[in-house]
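Novice: Each protein sequence line maps, in turn, to chains A and B.
For the first sequence, our numbering gives the first residue as 999, with consecutive numbering after it.
For the second sequence, our numbering gives the first residue as 4, with consecutive numbering after it.
Heads up, some of the hints might be wrong.
[Said to hold, decoys possible] Okay, the calculated beta carbon distance ranges per label pair:
1) B:Leu93 / A:Glu1184: 32 to 38 Å
2) A:Ala1118 / B:Gly25: 49 to 55 Å
3) B:Gly225 / A:His1142: 52 to 58 Å
4) B:Ser168 / A:Ala1173: 35 to 41 Å
5) A:Gly1072 / B:Pro112: 53 to 59 Å
6) A:Gln1075 / B:Phe122: 44 to 50 Å
7) B:Asp149 / A:Gly1146: 25 to 31 Å
8) A:Thr1035 / B:Pro103: 33 to 39 Å
9) A:Glu1129 / B:Ser108: 37 to 43 Å
10) A:Gln1119 / B:Ser168: 14 to 20 Å
11) B:Leu75 / A:Thr1035: 54 to 60 Å
12) A:Gln1119 / B:Ala251: 33 to 39 Å
Hints in this document: simulated from the structure, not taken from any laboratory.
Only a predicted model underlies this, so the values are computations on that prediction, with no experimental measurement involved.
C-beta atoms are modelled at their ideal positions from N, C-alpha and C, and glycine is treated no differently.
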Amino acid sequence: MSTQLQSRVQPSHRWAGEREEIVLEGVGRRYRGRRGTEVRALSDVSLRVGRGEMLAVVGPSGCGKSTLLEILCGLAQPDEGRVLSCAPAVLMPQRDLLLPWLDALDNAALAPRIAGHSRAQSRRHAALLFEELGLAGFEHARPHELSGGMRQRVAFLRTLLSGKPVLCLDEPFGALDAITRADMQEWLAATLAREQRTVVLVTHDVEEAILLADRLVVLSPRPGRVVAELDVDVQRPRARTDPAVTSLRERALDALGRDQRR
Amino acid sequence: MTAGVARTPGGWSALPALLLAGALLGGWEGYADLGGVQEQVLPAPHAVAAALWNNASLVFHNFTVTAEEVVLGLALALGAGLALAVALHLSPPLRRAVYPLAVGSQAVPVPVIGVLLVFWWGFGIFPKLVVIALICFFPVLVTTVDGLAAVDPDQPKLLRTLDASRWQAFRFAELPAALPAALSGARIALAVGVIGAFIAETSTPTTAAYAGLGREIITDAGGFQTARAYAATAVLIAFAVACFYALALAQRRLAPWAVPSRGDTR
C-alpha cells in the first residue's frame, strides 16, 4: 500500500535524496503586521531531520512554529538563511479543514483524486486504510457527523495518502479534550510505527512531544529560535509515568521557562 | 450517525400556511360581499374562482406562455449570473470594472429598451427572455460572488499542499462553498422572475395569439374584466410559490451540507 503510493512521489529539485531529508540553515522569516510594523516570526533556525525520524518542535504560542511548517511545505519562503534540502512535504493543518460537501472517504481520498485518479479508484484506495486507522463504518459520514478525534483521523489519512515522504503535523490534537488526545497520541504512535514516514510534529504540549518523537527541538517565544535540542532515548511504547519521560519533561520545560525569564 | 439526516417536513408542516391563506381569503370574501365595494374594483374570491373556471382555456394557454418565459428566462439568468460571478471572482480588475455596470443595469426601466430588443430580435420569445434575465441575473451574481469570496482561505492553501491546480482548488473548495449562496440567489431571482415576465410581456410588443398572463392582466384590468385579471394573478402567484419550493427542494438535494437541521423555514 505505502510503497505503491510512494512510487508516485516526484522528488523536488531541492531534494538530493540523501539520508537527511530536511536541512535548514539559519532560516528566518518576517511578515508585515496589521499596522505595517514588521513582525519577526522565526530567527536563525537550523534543523536537520533524518529519513524516518520524528522530530517534535515545541514552543510557546506564536513562536513561529506554523511558519516553520509552511516553509517546509513550500507555502512560504524564508527571508534569511537557506533550505539546503527538503523532501516533498505535506501539511496537516491545525484545523482539520475537512470539506463539508464530501463524505469521510472522499475527504481522505482527496490527494489521489487531485493526482488524476478516478473518484471510484481513489475511494477504494482510501477505504483500504479506513479499517486500519479505526475509521471502519464511518466511510459515508459527513464531517459534521464525526467527533473531533474521528475528524483528525480522517485529516491524517488525507495527509498520509498524499504519498509524500515528509509529514508536517501542526498541533494535530490541540483542539481535542484530554482523554481523546491521549487516545489519539497512542493511535498516531501505532499508525506511524506501521507507515514509515519522516515527521515534523509541532506542538505546545511537551509531554505529547516526548511520548511521540525521537528528538525534541525547543523554540523561544517570537521570534522563534532554537534554545534546546533533546534526544528522546526511551523505549516504545512510552508511559507518561516513566522516570525517563518525566525527567526529559522537566528538562524541556526548564528550557522553555529559562528562555522566558531572560 | 443519524444526527445529520435532514428532517423532511411531515404532513402537518403546510398547515399554518393553509390556515393563514384561508383566513385571508375569508376576510377578503367578507369585505367584498359586505363592504359595499363594486366587483369591478374588488371581486370576491368566489367571483375570481368563477372567472378562472369559465375562462380556464384562455388562462391556461396564457399561463403556458408565461411559464415558458419564466423558466427559460431564469435559466438564461442563472447561466449568465454564474458565469459572470466566476469571472469576477477570478479577476479583481474585471470585478472593479463590471460591478458598477451590473448595479446600474438594475435601474434601467425596461420599457425604455423594450423596443430596441424587439428591433434586434423580433417579436418572438427571445427579447422577453432577455428582459427577464436582465432583471433576474443580479441576485444570482451578487450572492454567488459573495459565496465564492467567503471560502475559508485555509482550504485552498491545504489543497495546494496536496498539489492541487488552481482549477482543482476551485472545483473542490470554492465552487461547492458558493453553491448554497448561488441557489439562494436563484430563489430570489425566481421571486422577481415572475414579475419580470409581467414586465417583459407588457414592455415588448408581440404578435402571438396568446401573449401570456401579463398581457392578459393588463387587458382585463383596462376592460373592466377585473375578476379575470385577479384569476390570472392567482395563477401567477401559485406558479411562483410552486417554483420557489421546487428550488428549495433542489437546494436540499444539491447542497445537503448547507441545510440547517431545523429546516422548517423552507
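Novice: Please go over all the hints and tell whether each is borne out by the structure.
Specialist: Consistency of the hints with the structure:
no., hint, verdict
1, B:Leu93 / A:Glu1184: 32 to 38 Å, "violated, 45 Å"
2, A:Ala1118 / B:Gly25: 49 to 55 Å, "holds, 52 Å"
3, B:Gly225 / A:His1142: 52 to 58 Å, "holds, 56 Å"
4, B:Ser168 / A:Ala1173: 35 to 41 Å, "violated, 30 Å"
5, A:Gly1072 / B:Pro112: 53 to 59 Å, "holds, 55 Å"
6, A:Gln1075 / B:Phe122: 44 to 50 Å, "violated, 58 Å"
7, B:Asp149 / A:Gly1146: 25 to 31 Å, "holds, 30 Å"
8, A:Thr1035 / B:Pro103: 33 to 39 Å, "holds, 35 Å"
9, A:Glu1129 / B:Ser108: 37 to 43 Å, "violated, 56 Å"
10, A:Gln1119 / B:Ser168: 14 to 20 Å, "holds, 19 Å"
11, B:Leu75 / A:Thr1035: 54 to 60 Å, "holds, 57 Å"
12, A:Gln1119 / B:Ala251: 33 to 39 Å, "holds, 35 Å"
Hint check: violations occur at hints 1, 4, 6, 9; the rest are consistent with the structure.
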